[in-house]
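> Make a model of the complete structure from these sequences and hints.
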Amino acid sequence: MHSLWRKATGLTLGLVGLSSLAAISTITLTANNLAGLRSVEIRPFGDFSIDPGEQLMLTAEGDYVTYSMPLRGAWKITDGEDLGYFKESQCDSAKTCTFQADNFGGEVTIFVEASGFTDEAVIHIRRPEPPKPVENPFEDSIPEWAGEPIVNLRERGIIYGYDDGRYGAGDLLTRGQLITIFHRTLVKMNLIAPRHDCTMVYNDVPGGHYAYDAACVFRRNYWTDSLSSLGPNDPVTRGETASLINRVLGAALLDANNLRLGKVLADGPYFRDVPLAHQYFGDTAVTKAVQVMQGNPDGTFDSDKTLNRAEAATIFWRVMKEVQEGGVRGL
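First residue of the sequence shown? That's 692 in this note's numbering, and the numbers climb one at a time after it.
Where hints are given, some of them may not hold.
Under the rule of at most 25 Å between Cα atoms (straight-line distance), these lysine-lysine pairs were calculated in the DSS-like manner [as the list claims (entries may be wrong)]:
1) K979 x K996
2) K954 x K786
3) K823 x K879
4) K778 x K767
5) K996 x K778
6) K879 x K1012
7) K1012 x K979
8) K954 x K823
9) K1012 x K954
10) K786 x K767
11) K823 x K979
12) K979 x K879
13) K778 x K1012
14) K954 x K778
15) K979 x K954
No wet-lab data here; the hints were simulated from the structure.
Next up, the structure:
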């Protein structure tokens, strides 16, 4: 009996010894792995120089003796906080973090701490080019940032001033004016053919109305809704404008820029005030991706703000540039 107990005890002690050895080996292996971490480095998916309004994904890359791997880190902006922001709310413990630049140029310093190591990197946001000086053909002043678009679209016969010679850059745009400018743009770019035999279906846009042709074409193409009235005198918001542009040209402009809709949506949100669940998230994501509507310098979009005539000229000037440069041919 004693001999059997001694054998069992010896077997138990042997197993305990093996378990202890395994535990010691595990601890030693873990310690060796941690000891192998030499530094952490902020690495960009691309280049540290970006344009205003662009975003840049960053990773905290741990440098070990024979390999490197991403590490969870605490990210923060230590200088240039007014020039952009982190898109992810969990950047206090993440392997990657995306920086969204606002529409200003300058230097932004990014800091990360991971596994006891730290690193800093500087993102260079290129300064926007100054507006091209133009000769103002109107009796009133036009903003410098919208001067070239306003004059260019006037020369193309897409926008006009008032009978008294003013342009009214700050005047609010209406739904009728929006579709009229859009319709003229599409015709001038040979994306659609002008129609003069269209039968109107909106009861508040009778024959002889300045927006008649545009309203008829947009309704027949299902670009505007199928209600009995258009509301041509109602103010139009920035969100509604993005929605209409996306509906008419979104797919064509994405294709011209070799962009996939799924990837564009997955990379969002793009604006501080347009979260993923916002009704205009998809529209604003597309119009930003194709560089038609960039938002405000502070990273907001103001989707409920009424569009003014200077903004409208700038937007459709960009539309024309994207159509030309992308080689869009018809809709």
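> Compare the structure with each hint and give your call.
How the hints compare with the structure:
| no. | hint | result |
| --- | --- | --- |
| 1 | K979 x K996 | 17 Å, holds |
| 2 | K954 x K786 | 20 Å, holds |
| 3 | K823 x K879 | 23 Å, holds |
| 4 | K778 x K767 | 12 Å, holds |
| 5 | K996 x K778 | 23 Å, holds |
| 6 | K879 x K1012 | 12 Å, holds |
| 7 | K1012 x K979 | 14 Å, holds |
| 8 | K954 x K823 | 34 Å, violated |
| 9 | K1012 x K954 | 23 Å, holds |
| 10 | K786 x K767 | 13 Å, holds |
| 11 | K823 x K979 | 22 Å, holds |
| 12 | K979 x K879 | 23 Å, holds |
| 13 | K778 x K1012 | 29 Å, violated |
| 14 | K954 x K778 | 16 Å, holds |
| 15 | K979 x K954 | 13 Å, holds |
Comparing the model with each earlier hint shows violations of hints 8 and 13; every other hint is respected.
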